[in-house]
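K.L.:
Chain by chain, the residues run as shown.
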Amino acid sequence: MTFKRLTQIGMISAGALASACGVADEPAARSGTDTAQALSVTASLAASCSGCHAAGDAIVSLDGLGADAFAASLTRYRTEGGSTVMHRLVRGYSDEQVQAIAEYLAESEAS
Amino acid sequence: MNSAVSRRLVLGGLATSALISPAAFAQTRARIVVVGGGFGGATGARTAKTLMPSAEVTLIEPSEAYTSCPFSNLVVSGVRRLEDQSFSLSSLGSAGVRHVRARAEDINAQAQTVTLDTGDTLAYDRLILSPGIDLRWGALSGYDLEAEDQMPHAWKAGPQTDLLRRQLEAMEDGGTMVMSVPAAPYRCPPGPYERASLIANYLKRQKPRSKLIVLDAKDDFSKKPLFLEAWAKHYPDHLEWRGAIDDGRVIRVDAGAMELETDFDRLNADVANIIPPQKAAEITDRAGVADQTGWCPIDAVTFESTLQPAIHVIGDAAIAAPMPKSAFSANLQAKVCAIQIARVLSGLAPEPTRLVNTCYSYTTPDQAISIVGAYSNEGGAFRSLAGAGGVSPSDADVSVREAEARQAVDWFAAITRESFG
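Protein sequences appear in the order of chains Z and B.
Its first residue numbered 625, the first sequence is counted upward by one per residue in this note's numbering.
Its first residue numbered -13, the second sequence is counted upward by one per residue in this note's numbering.
For the record, the hints were derived by calculation from the structure and aren't laboratory data.
Even glycine gets a Cβ: it sits at the ideal position worked out from N, Cα and C.
Treat the hints with caution; some may be incorrect.
[Stated by the list, open to error] If you want the footprint, here are the derived chain Z segments under chain B, 3+ residues with CB under 8 Å:
id, segment
1, 666 to 678
2, 681 to 687
3, 711 to 718
All chains should be modelled from the sequences, with the hints used to inform the complete structure.
P.N.:
Quick look at the structure:
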């Protein structure tokens, strides 16, 4: 993964989040400063994950998960029945937010 | 800075706590002072330094190590060692945080300075207060500082945890233990009921003729149906809970006589655990960030005090309801607060987000239940997200309870590693 790649991910995520949160979106063209802003929006959402997920067995590590598998797994918690902590938590996030978090964490754990 | 270096910095930051690019905020040389070395303060100092490598980040905490309240009820019930609750703050030094071993005595919000018990004064551009709670001595008649030796609270982990454990061990089989639980808000809403569960478990195993009576100032509490279910199943002969409606509210204690008084009753205890009313730690009064409730009102997006500028309050001391006063909340609030401070110092507007809380409680040493919540902080106030959150299922198979006990272990390992390194 390159810094540029990470930047693109942040920008995609921020766009998705801005609409998901009902926050007024910004112009598509972004400067470096906007990139930092975009990354931080996703970062603050993803900050919840590391409070539980490290190198455990009962709580899975997030290392090595691709973005698609990540998003599919999170979405499954919402669509399938179940009552684990994640089943209860993931209902607080939109599809766009789930996708943004998945891409962000997958990229940060990759390479 | 070339791209390879950027990448390493970015990945370094992300790999540890999934944060934003440190390189983006490398410029600020702001002085950031953090008070309190618990789950909130240690995480806040570490995250601030990761996000703003050129900033001068100072942690003010007299202790070299932090003693964790989460999992300390296992120590009280004798299935965990107190030493395993201790987490050194030394790794903060390698992370570039300056740890000042002193107590913050006073704060001048206008001059933006913190005065230490050493007499030194530190100037700050941004102050993060994560000082935790103080006990309101005397708020429960008869429960003053001297009484804690006879009737431990064990609501700050350390010597008090050990004292309660030793008193419980020394109690004869057939003895009565009484616990007093305060009205909300207080640190760790389900904590008293986890403690009651684990103490009843100890009595059942080791002192089967003994009993725990829990006197509660309220009628409802976190995970109540699940706790009542567990108590009926596991401890019908060893645990009795009395809510406010059943004269459960303790109005006076006499530590010398080992007596607790309610509106209509007096109980003698062989061991008494008094969890007293609480407030934000004293330093928040000195800073002028606590209101008449004793807790600290904040803007939910930035955690900045609504009473004093440039002072951010996180963790148990803050008014963040419906987010509870928990280790998970403190750790997450610290990360989000540091991100928002980095934004502000970089000339960016604060950005609302979503936060969560996760809390496991043991009902036996190998079974647990959980409560979670998801929150929005848009508009500067926390709001529970409808449809999300909730507790473990009722009447679940024992395998569900055992799975959550194993998850609790992993949670504790993850959050202590992220907070203390």
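K.L.:
Now tell me if each hint is right for this structure.
P.N.:
Results of checking the hints against the structure:
1. 666 to 678: holds (count 12)
2. 681 to 687: holds (count 3)
3. 711 to 718: holds (count 6)
The structure agrees with every numbered hint stated previously.
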